[in-house]
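Undergrad: Working from the sequences, and respecting the hints, build out all of it.
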Amino acid sequence: MHGNSKDEALKALAARRWRVAGALTVAMLVAYLGFILLVAFNRPLMGHQFVPGLSVGIVLGALTILFAWVLTGVYMSWANRKYDSALDELRR
Amino acid sequence: MNPTTAGTQLGQPNTTAIVFFLLFVSITLAITYWAARKTKTTSEFFAAGGGISAGQNGFALAGDFMSAASFLGIAGLVATSGFDGLIYSVGWLVGWPVVTFLIAEPLRNLGKYTFADVVAYRLKQTPVRLSAAVGTLTVVVFYLIAQMVGAGNLIRLLFGLSYETAVVIVGAVMILYVLFGGMIATTWVQIVKAVLLLGGATALAISVLYRFGFSPAALFSEAVNRYGPEALAPGKLVSNPLETISLGLALMFGTAGLPHILMRFYTVPNAKAARTSVFYATGLIGFFYLVTFILGFGASVLVGRQAIVGVDKGGNMAAPMLAEVVGGTGFLGFISAVSFATILAVVAGLTLSGAAALSHDLWSSVVRKGHAPEAEQLKVARIASLALGILAIILGVVFKNQNVAFMVGLAFAIAASANFPALLLSMLWRGFTTKGAVASMLTGSISAVLLIFLSPTVQVELLGNASALFPLKNPGIVTIPLSFIVGWVVSLLAPEAEASARFAEVEHRMHVGAPVTPPPVTVPTGVAGTVPQKV
Numbered sequence: 010m011h012g013n014s015k016d017e018a019l020k021a022l023a024a025r026r027w028r029v030a031g032a033l034t035v036a037m038l039v040a041y042l043g044f045i046l047l048v049a050f051n052r053p054l055m056g057h058q059f060v061p062g063l064s065v066g067i068v069l070g071a072l073t074i075l076f077a078w079v080l081t082g083v084y085m086s087w088a089n090r091k092y093d094s095a096l097d098e099l100r101r
Numbered sequence: 011m012n013p014t015t016a017g018t019q020l021g022q023p024n025t026t027a028i029v030f031f032l033l034f035v036s037i038t039l040a041i042t043y044w045a046a047r048k049t050k051t052t053s054e055f056f057a058a059g060g061g062i063s064a065g066q067n068g069f070a071l072a073g074d075f076m077s078a079a080s081f082l083g084i085a086g087l088v089a090t091s092g093f094d095g096l097i098y099s100v101g102w103l104v105g106w107p108v109v110t111f112l113i114a115e116p117l118r119n120l121g122k123y124t125f126a127d128v129v130a131y132r133l134k135q136t137p138v139r140l141s142a143a144v145g146t147l148t149v150v151v152f153y154l155i156a157q158m159v160g161a162g163n164l165i166r167l168l169f170g171l172s173y174e175t176a177v178v179i180v181g182a183v184m185i186l187y188v189l190f191g192g193m194i195a196t197t198w199v200q201i202v203k204a205v206l207l208l209g210g211a212t213a214l215a216i217s218v219l220y221r222f223g224f225s226p227a228a229l230f231s232e233a234v235n236r237y238g239p240e241a242l243a244p245g246k247l248v249s250n251p252l253e254t255i256s257l258g259l260a261l262m263f264g265t266a267g268l269p270h271i272l273m274r275f276y277t278v279p280n281a282k283a284a285r286t287s288v289f290y291a292t293g294l295i296g297f298f299y300l301v302t303f304i305l306g307f308g309a310s311v312l313v314g315r316q317a318i319v320g321v322d323k324g325g326n327m328a329a330p331m332l333a334e335v336v337g338g339t340g341f342l343g344f345i346s347a348v349s350f351a352t353i354l355a356v357v358a359g360l361t362l363s364g365a366a367a368l369s370h371d372l373w374s375s376v377v378r379k380g381h382a383p384e385a386e387q388l389k390v391a392r393i394a395s396l397a398l399g400i401l402a403i404i405l406g407v408v409f410k411n412q413n414v415a416f417m418v419g420l421a422f423a424i425a426a427s428a429n430f431p432a433l434l435l436s437m438l439w440r441g442f443t444t445k446g447a448v449a450s451m452l453t454g455s456i457s458a459v460l461l462i463f464l465s466p467t468v469q470v471e472l473l474g475n476a477s478a479l480f481p482l483k484n485p486g487i488v489t490i491p492l493s494f495i496v497g498w499v500v501s502l503l504a505p506e507a508e509a510s511a512r513f514a515e516v517e518h519r520m521h522v523g524a525p526v527t528p529p530p531v532t533v534p535t536g537v538a539g540t541v542p543q544k545v
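Going down the list, the protein sequences come from chains A and B. Numbering of the first sequence is given in my numbering, commencing with residue 10 and proceeding in unit increments. Numbering of the second sequence is given in my numbering, commencing with residue 11 and proceeding in unit increments.
Check each hint, because a few of them may be wrong.
[Said to hold, decoys possible] What the simulated footprint calls covered on chain A by chain B, stretch by stretch (three residues with Cβ under 8 Å from a Cβ of chain B suffice, anywhere in the stretch; the number is not a length):
(1) 52-63
(2) 83-96
[What the hints assert, rightly or not] With a straight-line cut-off of 20 Å between C-alpha atoms, the simulated EDC-like cross-links for lysine to aspartate or glutamate are:
(3) K15/A <-> E515/B
(4) K282/B <-> D93/A
(5) K20/A <-> E515/B
(6) K15/A <-> E517/B
(7) K282/B <-> E98/A
FYI, nobody ran anything at the bench for these hints, they're computed from the structure. The beta carbon of each residue, even a glycine, is placed where N, CA and C say it ideally should be.
TA: And the structure:
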C-alpha cells in the first residue's frame with residue numbers, strides 16, 4: 010500500500026534523526042564529563058600553565074564552550090539540509 | 011548599610027543609572043502597551059501567537075538564560091575564586107546542545123504552551139498535568155527567589171534604596187509586563203535586554219583587555235601575580251569531586267527542564283525555527299560566558315578581591331565595580347541599569363511560565379477538563395501572573411541573604427530531576443505510562459527538594475547544625491538517575507495499553523509536526539494523526 014511504504018520511510022527517517030541526535034548528545038556528554046572529571050580528579054594538570062596566564066583548565070573550559078556551539082551548528086546544518094528535505098519529500 | 015570601601019559610588023544615587031533604568035522601563039512599557047493590544051487570545055498570551063522568528067527567538071532564549079545571577083554571579087565567582095567560576099559557565103552552556111538535539115523540535119511539534127502538553131499527549135491528562143505543575147512551579151519559585159534576591163541587593167547598592175523597596179519595584183514592573191503584554195511583550199523585553207547585556211558586557215571586556223594589550227593571557231598572568239597560580243586551577247568549589255560531577259549533571263540536564271526556556275519553543279512557527287533559534291542562542295550565550303570570564307578576572311585584578319568582598323560578601327558586585335574602575339560613574343550607571351533590566355526580564359519570563367502551568371495545565375486542563383472558554387483562560391492566566399508576581403516579592407524579602415548563583419544551581423537540580431526525565435521518556439519510550447510519568451516527576455521534585463533541605467547548605471550554613479545528613483550541596487547525581495529509574499520501573503510494573511497504542515501518533519507528529527488541517531475526531535485509533543492524504 011502506498012501509505013504504508015510512506016509510513017515505513019518516515020519511521021526510518023525518524024530513527025535516523027534520533028541516531029544523529031543521540032550520537033551528538035553522546036559527543037557532548039563525553040567532552041563535558043571529560044572536562045568535569047579532569048577538574049574533579051586532576052587539579053595539578055588543570056592548573057598547569059603552558060603559557061604564562063593560560064592554564065590547561067582555562068583553555069579546555071573555553072574549548073568545551075566552543076565545541077558545544079560547533080556541535081549545535083553541525084546538527085542544524087544536517088537537519089536543515091538533509092533531514093528537512095527528506096521530510097518534505099515524504100510529506101508530499 | 012554603607013560600603014566599607016572608599017572610592018566607589020556604589021550605594022549612592024547614580025544619575026546615569028537612574029536615567030538608563032527609567033529609559034529601559036519606559037521603552038519596555040511602551041512595548042507592553044503595543045503588545046497588550048495584540049494579546050487577545052491564550053495563544054498570543056502564552057506563545058506570542060507562534061509569530062516570533064528564529065533570530066528573534068535566539069535572542070529571547072539567550073535573554074531568558076543570561077540572568078543577572080549568571081552575569082553578576084559568575085563574574086563575582088571568577089573575581090573572588092578564579093577558575094571555579096568557569097565550571098559554572100561551561101556547565102550552564104553544555105545543556106544547550108542537549109536541548110537542540112533532543113528537545114527543541116519534538117517539543118515544538120507536540121506541544122502547545124507547556125512541556126506538560128508533551129508528557130500528557132498520550133497519557134491521562136489530570137494526573138500528569140498535576141505533577142508536571144508541581145515540578146514547574148517548584149523550579150519557578152527557586153529561580154524567582156534567586157532573581158529577586160539579586161535584584162534587591164543590586165538596587166540597594168545602586169540607588170541607596172532599601173532592599174525591600176527594590177524588590178517591590180522589580181515585582182511591580184514585571185507584573186505590568188506579564189499581566190498586560192503576555193508573551194509578546196515578554197519576548198521583546200527579552201530581546202532588548204539581551205542586546206543591551208551583550209553590548210554592555212562586550213564593551214566592558216574590551217575596556218579591560220585594552221589595558222592588557224588585548225591579551226587575555228596577560229590579564230590571567232596578572233591575576234596569578236596577585237593571587238598565586240591557584241587562581242587558574244580548580245579550587246575550593248571542587249574540594250569534593252562527587253560534588254563537582256553532581257553540579258555538572260544538574261547544570262547540563264537542567265537547561266532541558268527549565269519551564270521558561272521550554273516555553274520559548276512554542277513562540278516560533280515550526281520545528282526548523284525552533285532548532286535554528288537554539289543554535290543562535292547557544293552562540294550568544296557561549297560568547298557571553300567567555301566575556302564574563304574576562305570580566306571576572308578583570309575585576310579581581312583591577313578592583314581587587316578585598317574591595318569586591320567588602321561591598322558584597324557574595325562577590326555579586328564585581329562587574330559593576332569593574333565598570334566604575336574602567337569607565338567611571340557613567341559606565342557604572344550603565345552596567346547597573348543593564349543588570350537591573352536583566353533581572354526584570356528574566357523574572358517576567360519565569361512568571362509567565364509559572365502562570366502557564368497554573369492556568370493552562372491546572373485550571374483549563376484539570377479543573378475545567380479542557381472546556382474553559384478562551385476569555386476565562388485568559389482571565390485565569392492574568393490572575394495567576396498577578397499572584398506569582400506578589401509571591402515573588404514576598405519570597406524575595408524572605409530569602410534576603412542567599413548567594414544568588416547557588417540558588418540558581420538548586421533550580422537547575424530540580425528542573426533536571428523533575429522535568430527532564432519525564433519529558434525525554436515520553437518522547438522516546440513506547441512503554442512509558444501515566445503512573446510512570448507521575449512517579450518520575452514527583453520523585454524528581456520531592457527528592458531534589460528533600461536532599462537540598464538535608465544538604466550542608468541548608469543544615470550547616472542556614473540552620474547552623476554541625477553536620478548534614480546528605481553530604482552534597484547539589485543532589486543531581488542522585489535525583490536525576492532516581493527519577494529515570496522510578497519512571498521506568500513503575501511503567502514496567504503496570505503497562506498502559508492505550509498509552510503505548512498511541513505512541514505511533516506521538517512519533518508521527520513529533521517528526522512531521524501538526525497536520526495542516528486537524529484530523530477528524532472520529533478517526534479510528536492507529537490512523538489518527540497521520541497526515542491527511544488530501545493535503
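Undergrad: If a hint holds in the structure, say so; if it doesn't, say that too.
TA: Now for the hints, and whether the structure bears them out:
1. Given a C-beta distance limit of less than 8 Å, the hint that chain B covers the region 52-63 of chain A holds, as 9 residues qualify and 3 suffice.
2. With 6 residues bearing a CB less than 8 Å from a CB of chain B, the region 83-96 of chain A meets the requirement of three and the coverage assertion stands.
3. Straight-line distance between C-alpha atoms of K15/A and E515/B comes to about 15 Å, which keeps the hinted pair within the 20 Å bound.
4. Under the criterion of a C-alpha separation no larger than 20 Å, the hint pairing K282/B with D93/A is consistent with the structure, at around 8 Å.
5. A C-alpha spacing of about 12 Å is found between K20/A and E515/B, which places the hinted pair at or below 20 Å, so the restraint holds.
6. Between K15/A and E517/B, the direct Cα distance comes to roughly 14 Å. Compliance with the 20 Å bound is thereby established for this hinted pair.
7. For a cut-off of 20 Å, the pair hint linking K282/B to E98/A stands: about 16 Å separates their Cα positions.
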